[in-house]
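Q: Dock chain D against the given chain E, drawing on the hints supplied.
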Amino acid sequence: MKYSEFFQRATGSPPYPYQLRMAEAGLPELLEAPTGTGKTAAAVLAWLFRRLQHPDEAVRLATPHWLIYVLPLRVLVEQTTGFIGNWLQRLALKDGVGLHVVMGGEGRVESKWRTAPQREAILVGTLDMLISRGLNRGYAESRFTWPMDFGLLHSGCQWVFDEVQLMGPALPTSRQLEGFRRKLGTAAPNSSMWMSATVDEELLATIDNPTVDSIARLSDDGVQGGLRKRLGATKAPRGLRVSDPKKYAAEIASALLEHHRRRTRTIAVLNTVKRAQEVRDALVKKGASDVVLLHSRYRPEDRARNLQTALADPLEAGHIVVTTQVLEAGVDVTSATMFTEAAPWLSVVQRAGRCNREGETEGSVLLWTSPPKPQPYEQEDIEGAVAALERLEGKAVTSTDMGREVVPVKNVVHSVLRLRDLLGLFDTAPDLSGNDIDVSRFIRTADDIDVHVAWREIDSPSPNEPPPTRQELCPVPVGELREEIKKGRKAWRFDHLDEQWVSSPEGDIRPGMMILLSSSEGGYTPESGWDPASKAPVNAIQVPESSSVESDEGVGADPLSSVSGPPVRLRDHLEDVATTLAEFFREMATPGLEANHTKAAVVAANLHDIGKAHPVFQETLLKVMGAHQGSVAEANGPWAKSSGHGGRHSRRYFRHELVSTLALLDHAIEILGAEPDLVRYLIAAHHGRVRMSIRSLPDEGPRPEPPARVALGVWDGDQLPAVETFLGTIPPATVDLSIMEMGDGAAGPSWNERALRLRDRPDLGPFRLGFLEAIVRAADWKASEDPGEVSGS
Amino acid sequence: MNTLTLTNCRLEPLGSYLKALGILRLVGEQRDPEARGWWKRDIFFLDCHLSEEELILFFTQEYRPTPLVAPWNGRSGFRRDVNRDSERVVKRLEESSDVRLDSYRKAIAAARRDADRLTSAGLDRKKDKHSWVSSLRSELPDDAVEYLDALVILQSEELVFSSLLGGSGGVLGSMDLSNNFMQRLVEVLALDGGTAQMQSANWLMASLFGKSGTSLLAKPVGQFDPGSAGAARMLSSPLDGLVNPWDYVLLLEGSLPFAGAVARRLGNSSGSKASMPFMVEATASGYATASTGEKSRRELWAPVWTRPASHREVASLIGEGRVQWGKQQARSGLDFARAVATLGVDRGIEGFVRYSFVERFGQAMFAVPTGHLAVRDIPEVWPLSQLDGWLTRVRRGKNKPAAVDNRLKRVERAEMEVVKRGGALRLQEVLVAIADLEEAVGRGERFREDGSIQPISGLSATRWIENMDDGTPEFRLAAALASQRDDDGSSLRSLLRRVWDPSKKDWTDEAVVSGIGRKPLNFVLAETLCRRAIDVLRRKSTPEDDYTKGLDLAFKCRIPALLTDVVAFLKHEVDSARIQRLLSAFMLLDWRDRVDVDWFTDAPSGASPPAGYCLLAPFFHGRDIYIGDTRVRLRAQPGWPRLLYSGRDVQVFGEAIRRLSFARLDPALAPSKEALSAMAASGPFPRRLAAAMLIPITDAAAASCLKRTVPQPIAVK
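Those protein sequences? They're chains E and D, same order as listed. Be aware that the first sequence starts at -12, since it is given in our numbering, and climbs by one per residue. Be aware that the second sequence starts at 22, since it is given in our numbering, and climbs by one per residue.
I should point out that these hints are in silico values taken from the structure, not numbers from a laboratory. There are no misleading hints in this set.
Restraint ranges, calculated between C-beta atoms of paired labels, are given here: (1) E:Q366 - D:R467: 34 to 44 Å; (2) E:S447 - D:E470: 13 to 23 Å; (3) E:P693 - D:A699: 48 to 58 Å; (4) E:P359 - D:Q51: 55 to 65 Å; (5) E:P453 - D:R467: 37 to 47 Å.
These numbers were taken from a predicted model, which means no experiment stands behind them. By construction, the Cβ of each residue, glycine as well, lies at the ideal position given by its N, Cα and C atoms.
If we strip away everything but chain E, and leave its shape as in the complex, we get (with noise of 0.2 Å):
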């Protein structure tokens, strides 16, 4: 099939040249193309055409099997999904290429994607959710899934970023983190694009990623067409008088009523969430009916009805679509009249061309006033783009001649991620006061940073509550949670080493926190999303049955080792695993990776869980199968695998990967092969709780007599039986922790020095470590989705 054919099944429409182009030459590394001329269809079908369709096998080989697909704003993820979604199914590609949502709160039910990393897939999220899981901090993710998703996310992937413009520090990130890539190898070639309608070359450089390679514009092809019409289309500034700052809501209300056609839609674009509410609120107080309220502070669901009622064609009285800085992007949408707020000259441009998109209307007016408050922006800016305003007013302009005004802009800095910052950020060892390396400066500006809240039905939560789903997540801002709080709102967060629900004070709030609040207590509501000044209870959302799955966010919780089905046998499910993975290897290039790391990787799944064959960890799968010592069940283990939920072992933060690790310390035991600390940090990584160093928690519980080391659950001088595997038997093991203590020793160099090493390597270096954990962690997962189905044991 040929791209055009390709395009037009998809889309319905023929290619436009650039769009042709794009599909010929491949990705450039930076698109420049205005809004609504296609930006989304060129980069996802000239990438699927590429990776499937392409007539030249080099050119699918070559190109990244996953499309990460990065939006500014979350009101745009599900129109997105859902045009991505539509052209899989028109190329009757549906069941071939994955379609994923990345927006946190996902738990390992909706995680298909990560147990699934040899097929081709799309991932479409917001650059909180997707940056933050490059660098390793996955926002609204458990910590220990963290490492999973950096593995994947560098290895094989076609990143795309839309919208540059609004992308705030997270474009100098991802900047980096492209050049990082390049210089640090990965296990497979990786590239990125950058699109927008307008983006000075210059900030794309950073200082390890200077230069642009190459560039692709739409003005190269002249303008012709449906694109001419809508390139053509004028709307006229006019500036509005606010007489009484303190009715700004109310008298904006009635100029919005007053220029409102019918048939027609008005957008109202607010510099601030709260005043859209209050002009939302004036509005409904003034008799308007069809108004509709859009924002970013929504739960899914809400988000959806509101985005599809404010997109729906109007009907006789038109609708107003009240709204702040989420229409501003990539939202295909038009009015007849527009109010905007002054903000930063770009997104004033940006809002300006949702009115009167198509050029559709005539005579269109862009009413505009200065804010009451320059916040969230910079006084500067506001001001430069009232002045542009003022040199317009009356005119009939179009985006382009908007686009040409010469407007000063506040000089910004932002943090730049360094090479340093990459290397502390590999390591993801839980600092358990909840201190991490705080990302969000490397992906929001610091008064655009959220935490994520679920709203349910407790007074205090249980130990069992479990953790909130996509469905209940409704983003918020940090500061205006942490005043909540110092109000006296109950909010909680989960604390791993409690293993519970904590009662959270506003000092503990963190962004990308996920947070549970008391329904009671009020603060949203479905018209008007976050709202901290409703009293009215907030209807909790049911969460189905289904998705109650056992945590992994607990320092000691494992939910792998229990099934729904019946018991699994260890020696089995060690095959299961190395089996799954094998297949993921034969099915995925991984030129990155030498031979030997990919034996050391399929090693690794061999033996991951021989620690399982622990006395403590046995007793407690055999308490849970309700077998008792002596019992047929316990002559046929080791298990690997209950059938059911619910076992505590009997020392507190028991880690069977530590034992299986440490089991495996012994020169001797030549299956480790030629990367024998390769396939030692694979084995403890793979609950992504043993990383870069081993250290013990507070209050293990009962110590061993005489006093010895202890961490996780271990003890120093534990005995592991022999265990059967695949590879052959190993010996029986005696733990010995002294590795983890800093400095060569007996055993040899520390834990800590071997896996720095690893983390250091040229050959390594954290993507191609963090991808062979990560592929060992997903092998682990599909095998434990449908044990014995691999293997068919």
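A: Below, chain D alone, put in the same frame as chain E:
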């Protein structure tokens, strides 16, 4: 591998410690990746493939200095409008063609470019320092970023400067550290040629091995060696001293690992200055060498490790810099001390050298060694973490009453003692101090309400008791008394202390039985027993019945006392004041769980309690007593405690004997007035006897008492 003994790299002063770190890092990074270093006693050892001579050659001829630049400082040599020594040395390096300075030149160029760009964008070096530093961090070569991170943390709104390098961004007094570093480099790299190279080698020999015979330069030392600065201070200004330029260069190189984990602390919303690796806030307690007049600021705890470790691992350890304690980040010296005493064990760290940064002579900071702290696993430290949550709330409370403040300090001092030396008695002192503090908090009504502070809870009795056991009768008696708690929550604590009243969501107004800590112990206990009788009586639905059957006055208890200890109490052979202090403390523990103690090995038969006690104790025991196979259950009359309290023991004895007869037990004693009076006269004072009735004993002890009173085998019904 050669093992080199760097005799002049020692744990003290701080400059010397950092020098050792610098050497390990430079050799490891630039020459021998397998190099390992460690401390033995207070000297640094280096394992590497170099001999002494080769090491000297490496430093004098190959060493490529880490480019330290701090162009935002006025004296860093980056101003274009003046031409001072500081500006000249930057130019000197810039114009040099020495390959060892390649990366330095790149850093200087980047810094100049950045400065020009920012200046033309209208940013001011002083006013927009945050943007300035932030921009610089995004433009400098990687190796120069490290120094920047060692100097300053870029918080989202503010800059936080590390105390290690002066606390003001690499400036000590009027000296910019990085510029001074460049000036010393001219000397150690022998950029002037001629005999300078020989001179540099001599300095290096002195710096590493203490082999002298070299003349030292008169140059600023800074904060790292207050001793030698002190000598020079007599002559001119405090910052002048005699110093070996290599010492200076290597110590700054060695300070860079302390940048390693700066970012890790960024998530911390409070106490940002303490967020530098191994840097802690000093508290008032336990710092003997901080002389008066010096304002104590922060402390650096420099880790001392004894197994050969690579520069990577040392940097990683320092990067961790956060010793976890409970779920709190260790922020005060005390928190930190507790943390190292327990969890430092994990990494096999032998101990820490503590340096306190103090301000002398105005601005200049000095690192004064304040002693060593060995890392040991002290079991008594473990229970302390359970105090943290409550103490944090008390500490955070606003407008602390003076009593709270004083008692809080006492708690901290007591905790520090436990951390330093461990021991059951010291742990007891902590809990006693906590009891006093809780009492003071309870009295400060406004204070506790504002801070919503409740009485302390959640202290595991098992954990504390096993670590406080000092083997004395006083300890056992206090523990036994305190361990009494009914399932409904009634306990000695609820009678003797102010507790939380959930119904009114506040502390109770006063203790039900007042006077603990003020009145003698037997008064307090006897009164408690009286109160208990009233409470039990109230709770019964049919009080009339109780006068015939009697009442079970005993609480449920977790640890019964030894009978020998009770006897000692009755005979005034124990320190009642101490029991009272301990009792106050032990009542704070959570007695809901089972507590195992191992003091029941001695047989109760060894004790010979007074006859009056033997007669009454079974009535207050509250549980069935078995004599042989026969089950006996005796209950006290509701009026007995009050009668005993008011000295009418003879009457109680008489009633008791009568009740034994009712129970068809045949007392050896006739209830004659004379006999009873004799019994009273030979025994303890009645009030003390009442007090003893509150002490729980084992069933076996109760049975042995009963047998003394009823020596004959029991008559069958």
